[in-house]
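Asker: In order, the protein sequence lines correspond to chains A and B.
Using numbering that gives the first Met the number 0, the final residue of the first sequence is 393, and nothing's skipped along the way.
Using numbering that gives the first Met the number 0, the final residue of the second sequence is 393, and nothing's skipped along the way.
It is worth saying that the hints were derived from the structure and are not from the lab.
Glycine residues also receive a C-beta, built at the ideal position from the N, C-alpha and C atoms.
Treat the hints loosely; a few may be bogus.
Stated by the list, open to error - Just a few of them, taken from the derived set where beta-carbon distance is under 7 angstroms, the chain B residues facing chain A:
| id | residue |
| --- | --- |
| 1 | G20 |
| 2 | E54 |
| 3 | G241 |
| 4 | L242 |
| 5 | S243 |
| 6 | A260 |
| 7 | P263 |
The primary structure of each chain is shown beneath.
Protein chains: 2
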Amino acid sequence: MTLPFELSMDTLRNKRGIKWGKYPADVIPAWVAEMDFTVAHPIGRAIAETVREQEFGYPQREGRATEAVLADAFAARMQERFGWAADPALVQPLSDLVQGTFAAVWAFSDPGDGVILQLPAYPPFHMAIHDTGRRLIDHHLRSDGERFVQDLDALAAQVDARTRIFLLCNPQNPTGRAFTRAELQAIADFAAARDLIILSDEIHADLVHDDHAHIPIAALGPEVAARTVTITSATKSFNIPGLSCGVMHFGTPELQQRFHARIPHRMLGHPSVIGVDATVAAWRHGQAWLDEVKPHLARMRDKVDAFLTAELPALRWHKPESTYLGWIDCTALNLPGTAHDFFLERARVGFSPGEAFDPEGGRGFARINFATSPRILDMILERMAEAVRSHNRG
Amino acid sequence: MTLPFELSMDTLRNKRGIKWGKYPADVIPAWVAEMDFTVAHPIGRAIAETVREQEFGYPQREGRATEAVLADAFAARMQERFGWAADPALVQPLSDLVQGTFAAVWAFSDPGDGVILQLPAYPPFHMAIHDTGRRLIDHHLRSDGERFVQDLDALAAQVDARTRIFLLCNPQNPTGRAFTRAELQAIADFAAARDLIILSDEIHADLVHDDHAHIPIAALGPEVAARTVTITSATKSFNIPGLSCGVMHFGTPELQQRFHARIPHRMLGHPSVIGVDATVAAWRHGQAWLDEVKPHLARMRDKVDAFLTAELPALRWHKPESTYLGWIDCTALNLPGTAHDFFLERARVGFSPGEAFDPEGGRGFARINFATSPRILDMILERMAEAVRSHNRG
Numbered sequence: 000m001t002l003p004f005e006l007s008m009d010t011l012r013n014k015r016g017i018k019w020g021k022y023p024a025d026v027i028p029a030w031v032a033e034m035d036f037t038v039a040h041p042i043g044r045a046i047a048e049t050v051r052e053q054e055f056g057y058p059q060r061e062g063r064a065t066e067a068v069l070a071d072a073f074a075a076r077m078q079e080r081f082g083w084a085a086d087p088a089l090v091q092p093l094s095d096l097v098q099g100t101f102a103a104v105w106a107f108s109d110p111g112d113g114v115i116l117q118l119p120a121y122p123p124f125h126m127a128i129h130d131t132g133r134r135l136i137d138h139h140l141r142s143d144g145e146r147f148v149q150d151l152d153a154l155a156a157q158v159d160a161r162t163r164i165f166l167l168c169n170p171q172n173p174t175g176r177a178f179t180r181a182e183l184q185a186i187a188d189f190a191a192a193r194d195l196i197i198l199s200d201e202i203h204a205d206l207v208h209d210d211h212a213h214i215p216i217a218a219l220g221p222e223v224a225a226r227t228v229t230i231t232s233a234t235k236s237f238n239i240p241g242l243s244c245g246v247m248h249f250g251t252p253e254l255q256q257r258f259h260a261r262i263p264h265r266m267l268g269h270p271s272v273i274g275v276d277a278t279v280a281a282w283r284h285g286q287a288w289l290d291e292v293k294p295h296l297a298r299m300r301d302k303v304d305a306f307l308t309a310e311l312p313a314l315r316w317h318k319p320e321s322t323y324l325g326w327i328d329c330t331a332l333n334l335p336g337t338a339h340d341f342f343l344e345r346a347r348v349g350f351s352p353g354e355a356f357d358p359e360g361g362r363g364f365a366r367i368n369f370a371t372s373p374r375i376l377d378m379i380l381e382r383m384a385e386a387v388r389s390h391n392r393g
Numbered sequence: 000m001t002l003p004f005e006l007s008m009d010t011l012r013n014k015r016g017i018k019w020g021k022y023p024a025d026v027i028p029a030w031v032a033e034m035d036f037t038v039a040h041p042i043g044r045a046i047a048e049t050v051r052e053q054e055f056g057y058p059q060r061e062g063r064a065t066e067a068v069l070a071d072a073f074a075a076r077m078q079e080r081f082g083w084a085a086d087p088a089l090v091q092p093l094s095d096l097v098q099g100t101f102a103a104v105w106a107f108s109d110p111g112d113g114v115i116l117q118l119p120a121y122p123p124f125h126m127a128i129h130d131t132g133r134r135l136i137d138h139h140l141r142s143d144g145e146r147f148v149q150d151l152d153a154l155a156a157q158v159d160a161r162t163r164i165f166l167l168c169n170p171q172n173p174t175g176r177a178f179t180r181a182e183l184q185a186i187a188d189f190a191a192a193r194d195l196i197i198l199s200d201e202i203h204a205d206l207v208h209d210d211h212a213h214i215p216i217a218a219l220g221p222e223v224a225a226r227t228v229t230i231t232s233a234t235k236s237f238n239i240p241g242l243s244c245g246v247m248h249f250g251t252p253e254l255q256q257r258f259h260a261r262i263p264h265r266m267l268g269h270p271s272v273i274g275v276d277a278t279v280a281a282w283r284h285g286q287a288w289l290d291e292v293k294p295h296l297a298r299m300r301d302k303v304d305a306f307l308t309a310e311l312p313a314l315r316w317h318k319p320e321s322t323y324l325g326w327i328d329c330t331a332l333n334l335p336g337t338a339h340d341f342f343l344e345r346a347r348v349g350f351s352p353g354e355a356f357d358p359e360g361g362r363g364f365a366r367i368n369f370a371t372s373p374r375i376l377d378m379i380l381e382r383m384a385e386a387v388r389s390h391n392r393g
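Modelling step: build the complete structure from the supplied sequences, incorporating the hints.
Answerer: Below you can see the structure in the form of structure tokens.
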């Protein structure tokens, strides 16, 4: 059976992008957060119209600035999917969430200030703290045996008077946690008690599985919104990161003004017209495609879960509640090097190295991307099992 | 006769962009700097390939980061067209030149510092000084009867110890000047004597007419390069501003380091893959198209020039040496309001208001965009003449 959005191995191998281009041709890539699928038809159609008419001039859409249309599509989507009344007037377009992270860290803290980051974390978040001369307050998520949880009492001991920002990733990459309302409220209370800005990456919001739900932290209430900057995009759930379009939402006009007092609006540039067209099409008309893709992602997750249990009991993960990424603990293999290097060399599978997400706690971990077809995922899993068997024999 | 790159009035009227969308349908727009033409075939082909293959994931090109390919294409083009050895390692991608202007002003000056701007000037340059809390040192270009020239002695009296940046536009928008080597050297000497950064917008470099030549100011020599930040893109000469891709080039690694000490690389985001594909195609393979377009632009310029002389002697301009824009002095009409409003209301032609380029000196001026077909330009000119005749009768 072929999935309606499946791409052949031949097509994938011939893509020019980094996912399939990074490693030698005999390696199956399962690293960067991109899906091996076609995009939603409404996205393709929106791009095709702009391209066919060569509408590459100074753009507007629906008789308005493209940024206004983007902001409206964002707010409508948040209301429809999550019951969150985001305000289109409080939106700053971005080219990606990394830009938004750097800019918000820059605007809401000073060099030497502390920024809380839950670890393991997306490597550019580490960069956004390090490259701006801020100080990492590393808040390690810990396994309670069933899932990764936070220990805010431990965090409280780490925080000082110069801690300014709680950098949250919800749903969390790479652990796949979709934080509960109680967990988010605890973060909000923690931030309120210390007057922290909450910078919340919610790029995986559309990819929450089973009966878990995505709760935008800004939706907890006006007091929380007043200290929350939310960054998101359609690029992850709709598979269009190369089109470089995202948004930053300020919980109040005051937050927006604080931001722009430090960073003029136009210093951030703006997304291309095609990025906006694709994003608006995804948010307005992409759900039918996503409704097909999401159950497939959950099935692939379950396939990995069953395989690890049956064939690779030395490897452990907590079945992700969201995303198409998993955080695999390979420490029981007692590998001499990184899990990434082991699977690359011995299985010819390219994962993301755990060490990039947490230099200490991520040792011996690898992040898997299971957003592919069953046949490719089967190959990945079989290759992993054979490499581990060979390692155990050796 | 139809031009090979001509678009019909019907096609233009049905575009969704701002040029044809801003004004009511009976108005002919001749304002924002965009051409009423199809784009070069290699640009369309490059975009079509990316779109056909849905290569919307994390991109690379030629096995390298897209930013590296963009930087190489830029440097190769500068060498080929202008004999300027720009260094691809000293390139920062931009989404547009306004972003580059804001960022460079931000990085190389502090609030309250002076920024020299030759007037009349592109309105966002005013914003880049005003919105960042810098101080405008307004350096008025003045007509010597044949062209607009600078008076650096007058400027010397305006400059103080807190003046940091000379914001140059070469070729100059809206006057169409292509500065001579002697003029550029005088600016470079002026900047050297006062230790100023030269921020040079060279977006119109490809559009220099007759026997005028574009000289990148950074190409004057290593001492000049060491204080010069050049910003440019393919968006103006190849008519793709909506694709949002440009570059900033630092004359030395030291300048680049000074910039990035203030503004982290990733805070500026990055162009979309389609913006990069289009720009690289334009710079590498677009010249044949430009070789057809440029003589047409010169003919349209000559048409305006002849018409003003013969039919509208009250209106004056200096025939632009470059660009497809002209700076028309309508002050002799003694209009009660702006020239923009007069021609909009009485001629149903939409120019750019001179006041936006220079609030004082631009009064009674309008900027015309003559990058259109002969038939549309004839309509514009006839409508102007009829409006002026009616005004003179009235």
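Asker: Hints first: check each against the structure and report whether it holds.
Answerer: Quick rundown of the hints versus the structure:
1. G20: It holds, given that the least Cβ distance between G20(B) and chain A is near 6 angstroms, below 7 angstroms.
2. E54: Given a least distance of 6 angstroms, the restraint on E54(B) holds.
3. G241: 4 angstroms, holds
4. L242: 5 angstroms, holds
5. S243: This interface hint holds because 4 angstroms falls under the 7 angstroms limit.
6. A260: 10 angstroms, violated
7. P263: 5 angstroms, holds
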